[in-house]
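So the protein lines, in turn, are chains A and B. Just so you know, my numbering puts the end of the first sequence at 453, numbered straight through with nothing missing. Just so you know, my numbering puts the end of the second sequence at 853, numbered straight through with nothing missing.
Hints may contain errors.
Taking lysine-lysine pairs in the BS3-like style, the calculated list, with each CA pair at most 30 Å apart, reads [what the hints assert, rightly or not]:
(1) B:Lys803 / A:Lys381
(2) A:Lys381 / B:Lys756
(3) B:Lys809 / A:Lys388
(4) A:Lys440 / B:Lys803
(5) A:Lys440 / B:Lys809
(6) B:Lys809 / A:Lys381
(7) A:Lys407 / B:Lys807
(8) A:Lys440 / A:Lys381
(9) A:Lys440 / B:Lys807
(10) A:Lys440 / B:Lys756
(11) B:Lys795 / A:Lys440
(12) A:Lys381 / B:Lys807
(13) A:Lys408 / B:Lys756
(14) A:Lys388 / B:Lys795
The set of hints was computed from the structure by calculation and includes no laboratory data.
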Amino acid sequence: AQSVTQLDSHVSVSEGTPVLLRCNYSSSYSPSLFWYVQHPNKGLQLLLKYTSAATLVKGINGFEAEFKKSETSFHLTKPSAHMSDAAEYFCVVRGFGGYNKLIFGAGTRLAVHP
Amino acid sequence: EAQVTQNPRYLITVTGKKLTVTCSQNMNHEYMSWYRQDPGLGLRQIYYSMNVEVTDKGDVPEGYKVSRKEKRNFPLILESPSPNQTSLYFCASSSPTRDSVYEQYFGPGTRLTVT
Numbered sequence: 340a341q342s343v344t345q346l347d348s349h350v351s352v353s354e355g356t357p358v359l360l361r362c363n364y365s366s367s368y369s370p371s372l373f374w375y376v377q378h379p380n381k382g383l384q385l386l387l388k389y390t391s392a393a394t395l396v397k398g399i400n401g402f403e404a405e406f407k408k409s410e411t412s413f414h415l416t417k418p419s420a421h422m423s424d425a426a427e428y429f430c431v432v433r434g435f436g437g438y439n440k441l442i443f444g445a446g447t448r449l450a451v452h453p
Numbered sequence: 739e740a741q742v743t744q745n746p747r748y749l750i751t752v753t754g755k756k757l758t759v760t761c762s763q764n765m766n767h768e769y770m771s772w773y774r775q776d777p778g779l780g781l782r783q784i785y786y787s788m789n790v791e792v793t794d795k796g797d798v799p800e801g802y803k804v805s806r807k808e809k810r811n812f813p814l815i816l817e818s819p820s821p822n823q824t825s826l827y828f829c830a831s832s833s834p835t836r837d838s839v840y841e842q843y844f845g846p847g848t849r850l851t852v853t
């Protein structure tokens, strides 16, 4: 069965410093992986997706993620945090048995301090 | 503007009083889903639909019903709500993209409280 584990429930960084949000996945076949962001009182927005093409994926707002099969990881990074990056981030794997099915991690809440 | 809309955005109700949360998308997507979001659990799929009149259970379908009579609409029905259905609900829609990955578009959410 597919699953994702977000290793940190909360991450706090200073503005201008790098962001690292960690995600490990479990999948019995080549996965499709996503990162979504949820700003307070908003819906979810797709940041980026991995679909077995390039292992380094660039998304919106300067975020990127690297697919590492040997480590079963898909960590999200950004070189320099901005105050507007404060939000909850979800690592997601597409489930088997229903192409419409997404399996979400528990989420990582990112706080950005001035 | 391409979007998924949900109504109502906020709802407080009492145990046992039937309610419907509506969901509509204007992107002509075939696939639609309902999720609930609970702290520490991420989002879990309740039901999904692959097209008109085609629906199936997700991971947490108990206590919910859905229907898909029109392509654009996918209402979520709680026949007899209970306090454990207090949650934040999201509707999503999707259609195949060029690389065959079904990117989902989410509505703004409906916060439901059942007392």
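Hint by hint, where does the structure go against what was stated? Just the numbers, ascending. Hints 7 and 13 contradicted; others consistent.
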